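Taking the hints as your guide, dock the two standalone chains into a single complex.
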Amino acid sequence: MTEAAANKNHNNTRAIRVLVILSFLLPLFFLLDLLIGSYYITISEILKAIFHSENANSQVLLIINQFRVPKAITAILAGAALSIAGLQMQTVFRNPLAGPYILGVSSGASLGVALLVLGTGGLLGGSIVSVASSWGIVAAAWIGSGLILILIILISSRIKEIMTILILGLLISSAISSIVNILQYFSNESMLKSFVIWTMGSLGSVTNVQLAVLLPSVLIGILIAFFSSKFLDAFLLGENYARSMGMNIRFARMMVFLSTAILAGSITAFCGPIGFIGIAVPHIARMALQTAKHSLLVPATILIGALMMLVSDIISQLPGSEKTLPVNSVTALLGIPIVIWIIIRNKNSNRL
Amino acid sequence: MIHQQPEKIIELARTSVGYKGKAKSDKVVKSDISVYALKGELVAIIGENGVGKSTLLRTIAGFQPPISGDIRICGKPISRYREKDLALLMSFVSTEIIRVSNLSVFDLVSLGRYPHTNWFGKLLEEDMNMIEEAISSVGLRGYENRMVNHLSDGERQKVMIARTLAQNTDIIVLDEPTAFLDLSNKYEIVHILHRLASDKGKTILFSTHDLTTAIAESDRLWLMLHESVEQGAPEDLILNGNFNAIFQNKNIYFDQEKGDFRILKQTKLTACVTGEGLPLNWTIKALVRNGFEVVDSANQSTIQITVNYPHWTVTHLAELLKFDSLLSLCGYLKGLEN
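Chains as they are written, first to last, in the working numbering: chain A, 1 to 352; chain B, 1 to 338.
Keep in mind that the hints were calculated from the coordinates and are not lab data. Treat the hints with caution; some may be incorrect.
The calculated lysine to any residue pairs, modelled on SDA-like cross-linking and capped at a C-alpha distance of 20 angstroms, are [unchecked claim]:
1) B:K84 - A:M254
2) B:K84 - A:N240
3) A:K160 - B:K27
4) B:K122 - A:S295
5) B:K122 - A:K160
6) A:K160 - B:F63
7) B:K20 - A:S295
8) A:K160 - B:T213
9) B:K186 - B:L321
10) B:K122 - A:L223
11) B:K27 - A:E161
12) B:K122 - A:A252
13) A:K160 - B:L280
14) B:K84 - A:F251
15) A:K160 - B:D26
16) B:K84 - A:L223
17) A:K160 - B:N242
18) B:K122 - A:A15
No experiment lies behind these values; they were computed from the predicted model shown.
So that you can see chain B by itself, here it is in the shape it has in the complex (with noise of 0.2 angstroms):
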């Protein structure tokens, strides 16, 4: 069956990003950039630090040129925007932290309204609903009169999305917005982010390092390895195995089964475990992470472990000991290592 091809809203066709310099000394941070995101899809852009995250998004939002290639916003070249139309368009969020004081969340909410309001910024009965609309959409109604400078670093950036909601733009761009938050704000940032892509239809492209949430909530990944920009949905960027190019020569892998990240260690030891459930695997988790290897017979390991919770069994060399929590239990095998 063929359906028709969604509209692309953002596509780069062998783009190079970087900073142009005086002739011929542009330094080029990316080349070769081929990707796009279609119109409701929450792009995320993964990479390591230095890879060119902000510089692709800083050319994509029109603060700087790019060094050669094209970038097409809803079919048209950017180069062709004039500040205002591309301000109609696409809206920003930098990784920048606000701190004006006597600021209030509204009067930062409708900046938003920027493009849309006269010359001195009049405030009229459409742009009140839509500030109102933006500051409830990101869970925020009754936060109208707090001071911007007094939020929580989670809140404010809300604020910050609830600006560009108020921007009403078909396409956002974010630069790590969740970068200074903590477990429970990241998932709900990045969970805002894909509520507003799929049910208001508007493209959204961030760039983020944490890619447990990432691969959760975003449609598309732009992936920047150091070759290359892979594209694709996370689950295809796992199974071919794209996924774990991001950690060249480091000690960090993607579990592909787990679909969580492990570190290499070193192992010097080896253990076996006996045992059932949650504790069995978390003892596991806690072997590993003291560089013991985990085997399956306990003729090839060192020692030997009982897991019966909340009591532990270490037999090694013919020694029988008894530990009641983990912490103990890694405390001996610490001695063990040396």
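In isolation and in its complexed conformation, chain A is listed as follows (with noise of 0.2 angstroms):
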């Protein structure tokens, strides 16, 4: 073996022994997970649930199977899958602080639970409760998001300067915004509840026939971020170095996009809005594996996005109590120093 070939296997040594513990870490988090909430169970009942249901406490086998299992796997689909967005955002626009909804995806949901919440609630008086139960959020947000992607793929196809992209998203994300507060200027209390409950996020809300749609999803998002990593590689030079080595832009764009959208699109839809894990994943990321490659950046990315979210999700059952805190929350108060530090240390002249 050639030198230069030795050299990087030593370099990738890092970065797959980073892989290795966190693919141990995330089980154990998993069960940790699983083991806190407000009704005490233990490590052997879980287990027990789990592994011989038989001879389970039909009670505990209910709250695990009902209710602490789909949540702790929402939590890993919506930490793998805010990350791997955050990922792609950062790098096809190569700013650090863009993040899963840089394209406007989760104000387009925000947009379609707001007409469903507070828009059918004023039409229909009242009966919002049935309306906006679960699917009718869902298909809601998952249309306003789609729209959003279409939007975005059609300018992206007609516009060759990447910064435009992101500065049209953004500007697309205000007006979206600014729709949706007049709704809720004029819509009622309860109503309005709905909504920003809506907005703080909630992991616990998913049911097991709601996961079935989810985890296809947001497995056809990372499935598509796993095909993009050698674009992913070449948009870190920019769009220039990307096309003078071959890379087709428009359609290499469109896989990032349609994979971002859908991720994002997805959790929006079923978890609402959830902040900051898609930005401070991606960076912790680059730090624990010393790499800018993707193909090793994005299985990492989707184990540690995943652990942050679990660990977010512990955090908001705050253990040893019968309360719990919004998991949106927590994300941000666990991914804003994060994102300060990523700030500062930019200013050493580092971009990504």
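Below you can see the structure in the form of structure tokens.
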């Protein structure tokens, strides 16, 4: 083996070691997340419920199967999906503060939900609770983010300059937020409250049936990201270099935008807008692996994102108490210090 | 003797470059460009800021279509190439400084293999060898695991050149590769380019403001003037006076005898200098810088200076003064001007 090849392998060993450690930590935190909640359940009961369900206490079984397992799986999916979406946006826009929602996907979703919760409530007069429950909200959010995705892809096929797309995405987001504000302004208290609760994010409202839709959506988004890892590497040097190396810019952009919108859109639809995980995790992955190669960063970001979200969920349960916190506040309080650190570090000229 | 005409790797025929606008509002930056480059030539593109060097390079690299006329790469119009096929023929280095943290030299150079590898960018043995060879041929062996954003500007530019070598293309296009570099790095980079052209038969096109290195190392210049674009060996363009046309209406001219650049100064006073060797040459330079015209005869001059290194004697209006450095002499001369 040549010297350069040996060097390269040496370079990757750190990344692979980190990936191995992360894949051991993930099931550990998954179990920990199952353990914690307002009803006290021991580890042996949990293990029994998972592996020998016929012998388990029926109430424990119900709590584990209907509540805690779907919530923990949702946490893993949400963390992985938002982080991968953030990684792709940071790379494509070459901006360390880009995140999964930068294309306006989440504002599209929130407009959908706002129209459903606040708008139809106004028309039908009060019967919103049933309309707005689960599937209705999911569908509204999905339609909203899907429309934004189509808009962004239309724009990106016409506009060459990537920074223009970024600015347009931000402007579209702001415009949509103002529409949502108007809707909020004209809605009554109970409708407002159910909308505000949706914006706080929740992992616990996803049922097993809904997971059957969320899981494949996230897997498709992640799969596209895996297939885009060579594109993403080239995007690191900017679009001119990428094109000079033979990349089809429009196709690559579309793959990345599609993946980001599916991931961010699905999570927003089922869990509400969950902030900061998507911005912070890709940076943690880069620091931990000391690499910029996306074939390694994509799996690492998935694992770290899932871990971060499990930790956020555990914290939001306020272990030892009956109360819970909105998960969006927890991810913000965990993520913001990391983002601050990025900004401070960035002053020393690093961009990504 | 008739020798075989070598292949024109890049050929522009009455090409206009610029930015396409909506119907008939094209912004033409430079029109009627007819130049070419042969296999194995190092071609420097020279011209003032704003004359369209970058636009021309971007058009040749295929980032934007020509407004009119044709660009042929290896005999085929550039518009008929797909991105991937062009990437196998031509690689590009822009003026932009790459600042990606956690990107190692090896990984950046390996990106050059992009058009050669599979969908996931898997590097095979052949790719590895090519990357290794590219890194050593710019003199960066041992730098493989260094992070790109910890390199100096000169080293980073070498990495970017190594990336084009890994891409293994017959043509390399570089937009001002020496712009941020200090003098020794400028020479080194241009020399590397020269070597790649002559040893490996690559056709290398680069724009530069550094005329001295361009004259010393390139086989052909494309001289972008306001009215036209001229080409030729650097020496041809100096002899036929085209070179001076770069500096139209500017207080700079190219000294054809000495082979360097001079700034035209309004001379107010005259001096007659006697002395010999290097001290005399540098004293004359100092006088020119201070706005003196150096004349031969003591009768015509305002002052007379005798160089007897490390002492200078100045005769001015029957006054005799002695100086022991050019700095103090210049200080005195500055006082005379006013």
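Holds or violated: K84 of chain B to F251 of chain A, with C-alpha atoms at most 20 angstroms apart
13 angstroms, holds
| message | What's the verdict on K27 of chain B and E161 of chain A, does the C-alpha distance respect the 20 angstroms limit or exceed it? | response | 18 angstroms, holds
Is the hinted pair K160 of chain A and N242 of chain B satisfied, with a Cα-Cα distance of at most 20 angstroms? 38 angstroms, violated
With the threshold set at 20 angstroms, check whether the alpha-carbon distance from K160 of chain A to T213 of chain B stays at or below it.
35 angstroms, violated
Please verify whether K122 of chain B and A252 of chain A have alpha carbons no more than 20 angstroms apart.
Roughly 18 angstroms between the alpha carbons, so the hint for K122 of chain B and A252 of chain A holds.
Q) Holds or violated: are the alpha carbons of K122 of chain B and L223 of chain A at most 20 angstroms from each other? A) 17 angstroms, holds
> Holds or violated: K122 of chain B with K160 of chain A, Cα cutoff 20 angstroms?
Replying inline: 29 angstroms, violated
Quick one, are K84 of chain B and M254 of chain A close enough, alpha carbons at most 20 angstroms? 18 angstroms, holds
### Query
Is the hinted pair K160 of chain A and K27 of chain B satisfied, with a Cα-Cα distance of at most 20 angstroms?
It holds: about 17 angstroms lies between the C-alpha atoms, which stays within 20 angstroms.
Task: Agreement of K84 of chain B and L223 of chain A with the hint, judged by alpha carbon distance not exceeding 20 angstroms - done: 24 angstroms, violated
Query raised in the report: Holds or violated: are the alpha carbons of K20 of chain B and S295 of chain A at most 20 angstroms from each other?
Result: 38 angstroms, violated
Margin query: With the threshold set at 20 angstroms, check whether the alpha-carbon distance from K160 of chain A to D26 of chain B stays at or below it.
Written below: 17 angstroms, holds
Against the hints set out earlier in the document, violations occur for numbers 5, 7, 8, 9, 13, 16, 17.
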